[in-house]
Amino acid sequence: MEENKERSYDPSNHYGSIKSREYTSMKKVAETTQDLIQAIQDSEMYSNYHRLYAEIEKNPDLVKRVNEYRKRRFEIHVSNTQDYSNMHEELLMEFKDIHRNELALEFLIAERHFSNMMKQINHTILDSVNMDISFLGE
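Numbering (the numbering used here) for the sequence shown: 27 to 164.
Careful: at least some of the hints might be erroneous.
Heads up, simulated DSSO-like pairs for lysine-lysine below, C-alpha to C-alpha not over 27 angstroms straight-line [stated by the list, open to error]: (1) Lys54 / Lys145; (2) Lys122 / Lys97; (3) Lys122 / Lys84; (4) Lys53 / Lys145; (5) Lys122 / Lys90; (6) Lys97 / Lys54; (7) Lys97 / Lys84; (8) Lys90 / Lys145.
Hints in this document: simulated from the structure, not taken from any laboratory.
Using the sequences plus the hints, can you model the full thing?
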């Protein structure tokens, strides 16, 4: 790289840019990523999740209660607690009104299906690329 040239991140500019082969490879990954995003957005799980959430949003009290439940459920899930079962059972009792509401329950089921799909996609990708994440378990 010439000393007087300012570094450019434009792939068409060879001064300080990434190599053409790397750019082509990254472009293919980016295009494939867009295809994956489109496939996810075209899926029934994604569609149901967003359709049902839009219905819940029409009722401000219901969306507030559902989101409160979702937040608490998420906090329990990531808390790394030994008392997970009891905490989950207490949560279900506290939010039994949500589980009795047909629309809310249908949304929560759709959310679980969509989340499971996303988790499967993530696991499949991570398992396939042999990225070392063993340090996370230490």
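- Among the hints numbered above, which are violated by the structure, and what are their numbers in rising order? 6
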